[in-house]
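Working from the sequences, and respecting the hints, build out all of it.
2 protein chains.
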Amino acid sequence: MQRTVFFISDGTAITTETLGHSLLTQFPNIEFTQERIPFVSDSGKARDAVLKINAACKMDGATAIVILSIVDKEARQIIKNSDAITLDLFADFIDTLEQALGVKRQATVGQVHSVANLERYEERMEATNYALSHDDGISLSYDHADLILVGISRSGKTPTCLYMGLHFGVKAANYPLTESDLEKQRLPTFLRRHKKKIIGLMIDADRLAQIRETRRPSSRYASLKNCHWEVDAAESLLRAEGTPILHTTHSSIEEIASRVLLQLGLQREMF
Amino acid sequence: MQRTVFFISDGTAITTETLGHSLLTQFPNIEFTQERIPFVSDSGKARDAVLKINAACKMDGATAIVILSIVDKEARQIIKNSDAITLDLFADFIDTLEQALGVKRQATVGQVHSVANLERYEERMEATNYALSHDDGISLSYDHADLILVGISRSGKTPTCLYMGLHFGVKAANYPLTESDLEKQRLPTFLRRHKKKIIGLMIDADRLAQIRETRRPSSRYASLKNCHWEVDAAESLLRAEGTPILHTTHSSIEEIASRVLLQLGLQREMF
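Read top to bottom, the protein sequences are chains A and B.
Using our numbering, the first residue of the first sequence is number 16, and each one after it goes up by one.
Using our numbering, the first residue of the second sequence is number 16, and each one after it goes up by one.
Rather than coming from a laboratory, the hints here were simulated on the basis of the structure.
Worth double-checking, as some hints may not be accurate.
[Claimed, not checked] To be clear about the criterion: a stretch of chain A counts as covered by chain B if any three or more of its residues have a C-beta under 8 Å from a C-beta of chain B, and this derived list gives those stretches:
1) 44-56
2) 98-107
3) 187-199
4) 276-285
We put the CB at the ideal spot given by N, CA and C, even for glycine.
Laid out in structure tokens, this is it:
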């Protein structure tokens, strides 16, 4: 079975697509062709989108599905009149919210991914720059860090720190445990001072070897034997230091980031 | 008026919160206290969440709002029986989808931010590493780049490239125009070969000076005069080269990323 799904919004359609994905994962046996159509903010653009939608319905010989989030009533209605079945993320909930809050909405187009609040946006950019300048032990001064991820090479530290900067405005540094740290079985002194904001990331040796192999094929670095040694040494070091440990092998960066914030009790609003 | 809003999910609750934000921006006069409660995947955790919800209702003297996305029926129902008003992102739409598709769903918990598809996840990590190793002209070999952002320092290149790696699995490099490039009024030869995948980012001189001032206060680099010169020189260089230009001053990285992909005709699924 073949179906086309459109994610259509007056903004980037990124939220619409993400929510759409979470719905579509519930139907693993259907092959979905997916298309994101962003910035559909007026009737003209809505009509262009309808041409695409109706063409897809004809091509597939099956009704397309539209996941929709548009503030403008007229544009929204034009899409809803297409040949597709529309899930309207916006209209249904906004009505419920109006009733719950007892006030009318003030229609403003696709603000969620805009720079509506410049100060908050700058916080986010600053945190991203912080992650870059405190990645992989580049800078060892952690006074301004909200948190520090510690672990061996390729345990997931860097993408998680970048994600936390970009999406939570959290200043996340990361420090790669060195062979010397592992041999001494203790964290370096400059880290011990910040113990309350440290989380250790751990990964299975098999998975680690696989990841490292694609980076440096047939190296000692990637060998299963060495990975086992590093993983065991890192785990015992972190335990000895009393550092909270998160296992990343089966987790995405969103999941790791979410667990790190939970573990440290940091409540941060998402961007 | 003061209201507490909870974003509750059996996954990271990141999608739930993002969609929630887009709804809440429509009510700018209400002060919302927001809390994300992730990983609510069973009845026990749902009951813990209800304690928090009901406490907030009492504190505020106003009904809390829950934006909910939980697959497990029992856990979902426990939250719905709390004192809050619940917007159920999952249940309403999944029923509509089942009808539209004519098949029953296969309930699987919070897959959208999991590593369900390892191959795609690795693509994403590889693209993020690509952005890091091809940031700011570190590496000038662009054969594997899906796209190259070109612009003067602080025009938004780096965070946009990281975002595109993390969320679209797109290999995005960036090259900062140097004083010598600006004076010669042409792109360096190693870039000209990749012209089809280049997008120029531009920013207003006033905004640029403001951003640079926080980085290097009172420097020539940050001076309004120098920023004006760089912006004008970059704009004329990019025009002369026939490079498509995107203005980033009033755009978030999501918006810039979305426009870049649209401009280059790259259809990529979101992570």
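Are there three or more residues in the stretch 44-56 of chain A whose C-beta lies within less than 8 Å of some C-beta in chain B?
Result for this restraint: holds, n = 7.
Between the stretch 98-107 of chain A and chain B, see if three or more residues pass the 8 Å beta-carbon test, and mark the coverage as holds or violated.
Contact hint for the stretch 98-107 of chain A vs chain B: holds, 5 residues under 8 Å.
Assertion that chain B covers the stretch 276-285 of chain A - criterion: three or more residues, beta-carbon distance below 8 Å:
Our answer is that it holds, as 4 residues pass the Cβ test (under 8 Å) against chain B, meeting three.
State whether the coverage of the stretch 187-199 of chain A by chain B holds or is violated, taking the criterion as 3 or more residues with Cβ-Cβ distances under 8 Å.
Answer violated; 0 residues pass the 8 Å Cβ test.
When each numbered hint is compared with the structure, a violation occurs for hint 3 only.
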